[in-house]
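Based on the sequences and whatever the hints tell you, model everything.
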Amino acid sequence: MIKTPLCELLDIEFPILQGGMAWISDAQLAAAVSNAGGLGIISSMNADENWLRQEIQTAKSLTTKPFGVNVMLMNPHVDKIAQVLIDEKVPVVTTGAGNPGKLMKLWIDAGIKVIPVVPSSGLARYSERAGATAVIAEGGESGGHVGDLATMPLVPQVCDAVSIPVIAAGGIGDGRGIAAALMLGAVGVQLGTRFLVASETNIHENYKDKIIKAKDIDTTLSGRSLGHPVRCLKTTFAKEFLKAENDPLTPKDTLEEFGRGALRIAAQEGDSKKGCFMAGQIAGLIHEKESVNEIIIKLVKETETALNGGIQWVK
Amino acid sequence: MVFEKIVEILRNYKEEPELEVTMTSSFEELELDSLDTVELVMEIEEAFDTSIEMDGTLLTIGDVVGLIEKAIA
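Protein chains in written order, with full-length UniProt numbering: chain A, 1 to 315; chain B, 1 to 73.
These are computed hints drawn from the structure, not numbers from a lab. Just so it is clear, the structure is predicted and the values come from calculations on it, not from any experiment. Each hint should be verified, as a subset may be incorrect.
Computed cross-link-like contacts, BS3-like style, restricted to lysine-lysine with a CA-CA straight-line distance of at most 30 Å [claimed, not checked]:
(1) Lys105(A) - Lys70(B)
(2) Lys234(A) - Lys14(B)
(3) Lys102(A) - Lys70(B)
(4) Lys80(A) - Lys60(A)
(5) Lys102(A) - Lys14(B)
(6) Lys14(B) - Lys252(A)
A short list of chain A residues far from chain B (calculated; beta carbon distances all over 10 Å) [claimed, not checked]:
(7) Leu9
(8) Asp11
(9) Asp26
(10) Asp109
(11) Ser120
(12) Leu123
(13) Asp160
(14) Leu182
(15) Leu249
(16) Arg260
(17) Lys273
(18) Asn293
Using N, Cα and C, we set each Cβ at its ideal position, and we do this for glycine too.
Spelled out as structure tokens, the structure:
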């Protein structure tokens, strides 16, 4: 059994969060993770408030356990989304792509636990001061939008910078990774890529197959020049995008246009010529399609084995 | 007074004692990304023993000076 203070704090059985992935983390996935003892998280991506309300209500019909919602702060509907979270009494909100600032106060006053995803110890300190319950220190090994620092240096520095609980993310795909994160000072982990292949994940089968086939070298960073780098699989689309990005004659608008809709196409249509398949560097470690419950049970067992095994090196 | 102190903090932060800074200098012109801005604003807040709202409207040094002046008034 793996228990940390995060379990009590978030009322969950295991300190494992499932990352909010745009076009992927829906009510079914989030509810499955929560039912398995972790914390499932719905991604509200760029969706509007009506879509989100529906997803939250669907999740509530599928689980009685707590779940969270990830808010992308660049979402044009963010103010209405913020209110839906309060109306629906969502227990946990994670935030990404920006500084939650004023919204945080609103949520905290409504009793929502706010857990910002941070790419630096400065933003972690700022989040703590603003009333965050915990922070997710996410390294650039993760899939999707990433920061510069890798998980190994980021997590202990964030742990030293704040006194609130730290959740590690980025590059964690099995129990060894979880054990390592706990050793770095984290009291929980967030995994995204590992859940991509779960049977409850509603994405195109091609996407899952690509993750299963992926090797350690099969992800790349695109969009760095646009200021928001995205880690994804090196598909035809990603290679074409990188070629255009590296050509100084490509206007930024053309590049933005190139990427528009690519996440949805990957998740729903599985088209590797037009879709951007977000995935973390850990994709190469994932070899099996399993249910969420099987994944979580395995993760916990592996973590126990890794942590118990560590003692052998203490002489 | 507030402006001068902020310029000093900024020059220290960037380790550029001769750095030219005006009220209209933007974080972008000063080559400070969003993570630098968070670090810098927190240093400024600590120096003035106050706190200001950090959101997307904070674009220039003048914006920070204005908020700090209001906060300590």
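Against the structure, the hints:
no.	hint	verdict
1	Lys105(A) - Lys70(B)	holds, 20 Å
2	Lys234(A) - Lys14(B)	violated, 37 Å
3	Lys102(A) - Lys70(B)	holds, 18 Å
4	Lys80(A) - Lys60(A)	holds, 20 Å
5	Lys102(A) - Lys14(B)	holds, 28 Å
6	Lys14(B) - Lys252(A)	holds, 29 Å
7	Leu9	holds, 25 Å
8	Asp11	holds, 30 Å
9	Asp26	holds, 29 Å
10	Asp109	holds, 16 Å
11	Ser120	violated, 5 Å
12	Leu123	violated, 5 Å
13	Asp160	holds, 15 Å
14	Leu182	holds, 26 Å
15	Leu249	holds, 23 Å
16	Arg260	holds, 22 Å
17	Lys273	holds, 33 Å
18	Asn293	holds, 38 Å
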